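Novice: Top line first, the protein sequences correspond to chains V and C.
Per the working numbering, the first sequence runs over residues 5 to 404.
Per the working numbering, the second sequence runs over residues 5 to 404.
Just so you know, these hints were derived from the structure itself, not from any lab.
Only a predicted model underlies this, so the values are computations on that prediction, with no experimental measurement involved.
Note that the list lumps identical chains together, so a pair holds whenever it fits in one copy or between two copies.
When the alpha-carbon atoms are kept at most 20 Å apart in a straight line, the in silico DMTMM-like pairs for lysine to aspartate or glutamate are as follows:
hint, residue 1, residue 2
1, 111, 354
2, 317, 359
3, 111, 386
4, 111, 36
5, 251, 154
6, 10, 166
7, 133, 243
Protein chains: 2
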Amino acid sequence: MSVGLKDIQAAAKVIEGHVVRTPFMHSRTLSEITGAQVWLKFENHQFTASFKERGALNKLTSLTAAERGAGVIACSAGNHAQGVAYHAHRLGIPATIVMPRATPFVKVEQTQRHGAEVILEGDGFDQAKAWAIESGAKRGLTLVHPYDDEKIVAGQGTCGLEIIEQCPEVRTILVPTGGGGLTAGIATAAKALRPDVHVVGVQAEGAAAFLQSLEEGRPVPLPSMSTMADGIAVGCPGEVPFEAIRKNVDEIITVNEESLSRALLMLLERAKLVVEPAGAAAVAAMLDHPHRFRTPAVAVLSGGNVDPLLLMKVIRHGLAAAGRYLNFTARIPDLPGGLARLLGELAEVEANVLDVVHERTSATLHLDEVEVVLQVETRGPDHAERVLGRLRECGYTVSE
Amino acid sequence: MSVGLKDIQAAAKVIEGHVVRTPFMHSRTLSEITGAQVWLKFENHQFTASFKERGALNKLTSLTAAERGAGVIACSAGNHAQGVAYHAHRLGIPATIVMPRATPFVKVEQTQRHGAEVILEGDGFDQAKAWAIESGAKRGLTLVHPYDDEKIVAGQGTCGLEIIEQCPEVRTILVPTGGGGLTAGIATAAKALRPDVHVVGVQAEGAAAFLQSLEEGRPVPLPSMSTMADGIAVGCPGEVPFEAIRKNVDEIITVNEESLSRALLMLLERAKLVVEPAGAAAVAAMLDHPHRFRTPAVAVLSGGNVDPLLLMKVIRHGLAAAGRYLNFTARIPDLPGGLARLLGELAEVEANVLDVVHERTSATLHLDEVEVVLQVETRGPDHAERVLGRLRECGYTVSE
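When you get a sec, could you build the whole thing from the sequences and use the hints?
Specialist: Quick look at the structure:
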């Protein structure tokens with residue numbers, strides 16, 4: 005039960021022409037920020053915007069005619085769902101995708117768009133998965149596991165082959181790590197071809213199942229998880245990837261939510277790329293440790309499917325963290341011209357007002373006061389400080 | 005005073021290795037949406053995220069040693085500023101960039117980061133420009149015009165050479181058009197090499213200076229402009245580009261703000277690319293007229309410098325337009341449990357609440373009522389309608 009270079013090379017032949025050989029670009033921006041030579045591998049430019057198509061197609065192609073005829077089932081509300089749906093449809097294999105009942109409609113729609121039947125079942129992911137396994141067995145459908153399958157790991161490994169071809173001088177490869185399929189595949193390919201390449205798995209701090217598992221020498225489930233990087237929020241490593249990672253990955257490091265958010269925003273603002281939080285994990289690790297890795301270093305952007313609402317939240321948060329966006333409340337006298345005067349002061353210090361909400365009641369307000377909640381655009385932390393300072397000098401009670 | 009293929013080929017030699025030969029990709033997403041073969045040219049992946057570097061570098065390289073020693077001046081708060089600043093710095097030419105006084109700090113900082121001296125002068129762009137011309141003349145600086153210059157047009161034309169090389173079978177090229185530099189350059193190159201290629205300039209409806217100008221046979225200034233696409237908001241065509249466009253561009257079409265916004269969001273959500281509103285103009289035209297152009301068609305993504313706050317606005321607007329985001333106010337009784345009951349109803353119809361603001365005073369409210377402003381995530385227009393319908397059925401006064 006292990007995957008070797010030959011399996012990955014065979015997978016590469018299988019997927020050729022059907023899965024995008026994704027672009028690979030030197031990132032002058034990231035290189036400038038880290039002072040190192042950084043390259044990016046754009047798995048977010050796959051048709052369904054993630055690497056998952058590689059493994060899914062390799063698995064689907066390996067099925068017998070009878071298995072293809074009967075169809076496949078998978079449990080995923082994310083990238084795996086889209087990868088399976090898209091290639092099953094292309095190959096004429098009926099696909100059933102099971103998602104938890106509370107899955108946002110957008111995700112359901114994205115998967116239906118690729119031609120799959122979507123079934124909403126279970127209160128959470130584990131229930132949906134159990135249902136998928138049971139229902140699949142009953143209906144004679146082949147389960148396409150998102151990572152714990154040799155065909156899947158071999159398929160994801162094709163991304164590693166491409167990296168070595170596109171950048172033969174690579175010295176470090178950083179890969180976002182959830183269940184471990186992509187990391188296992190890339191590490192197996194890279195180490196077989198170039199044993200001196202350093203492969204680093206990057207997990208979200210709130211979902212770092214590999215750390216303890218590697219210590220204990222077997223996959224150990226996490227008691228709980230918390231991260232916005234849903235693409236790598238996997239509570240227990242898969243058996244197949246675990247073995248490959250134990251053998252071929254040099255280290256697992258973690259990044260926190262703040263780093264993920266900063267990396268996502270950097271890619272968006274500077275590199276003009278949309279990645280999902282999981283897809284930004286490798287870049288987050290580079291930004292956290294700009295001098296730690298031997299270079300040239302390659303950061304894999306594993307996927308780009310980010311909910312627009314989350315994207316807005318990350319942008320807002322990033323602007324606030326950079327002091328370019330300030331939220332505060334101020335008390336003003338409940339008199340004609342009270343708000344106008346406050347806005348005049350803000351104009352004086354060149355803060356651009358984005359939003360004003362008048363609040364008339366609050367337990368601690370005096371009767372002749374109103375509270376206004378303001379959002380203003382500022383030039384940076386110093387400017388934000390000056391804006392608040394000026395208002396306080398003018399006698400306003402201001403709180404962030 | 006005209007630019008020919010030879011000038012553009014010479015410019016290509018000058019900029020080779022110093023300006024990115026930008027990627028060119030088939031867009032399966034856009035091809036699917038339009039039912040045509042659509043390719044994208046990624047000028048947003050230039051280091052300063054726009055095509056402006058091409059012309060700027062060609063111009064700077066053409067200066068005499070004395071001119072280089074004295075330095076250059078340019079007036080721009082946008083992509084041209086960054087393009088000139090970056091390459092002037094690289095060549096050791098002192099650069100002064102003049103921006104209107106109200107320019108957001110982020111734009112000032114982006115240009116300073118590339119090593120230019122930024123001077124804030126003038127209440128608007130015209131005043132800043134006048135100041136730049138006068139000050140440049142006084143100080144002996146060479147003015148680097150953003151578009152009305154043969155060297156600039158020839159530089160931008162290199163993008164056209166690349167398109168013909170990267171897609172020899174191209175039949176239509178769509179180019180965002182402001183002052184006309186990029187469009188003139190691309191059209192001149194494309195028509196010289198392939199007279200049968202159709203070149204389409206795309207302007208923002210609120211800043212379409214070329215329409216009347218072409219009709220009257222000379223550059224005619226617009227009385228006013230209004231568009232979020234600041235990259236192509238130019239009130240009067242340049243003389244040099246005007247001549248080239250009159251000769252080589254087949255048609256000028258316009259896109260409105262709604263189309264620009266939709267195209268920007270489509271590129272962000274589906275193609276995982278960040279473009280500025282001007283950079284989305286060619287794609288907006290494709291989406292407006294999916295069957296109008298001979299294919300393969302190439303849409304030039306001219307730039308990616310979009311203000312994050314504008315990006316948030318476009319995302320929010322796009323989600324609202326798609327019925328995936330609903331803003332409304334509801335009146336509830338000012339009693340314990342009043343809000344809880346309303347939120348219970350929303351949960352019943354599976355609307356995901358994003359934000360709630362309590363408003364206690366409004367001229368038309370009864371004394372025993374409060375108003376809440378809600379933002380909820382919905383699944384589409386039908387679902388949004390059902391959400392509002394349900395609340396009305398339950399007796400709430402609801403308004404969008």
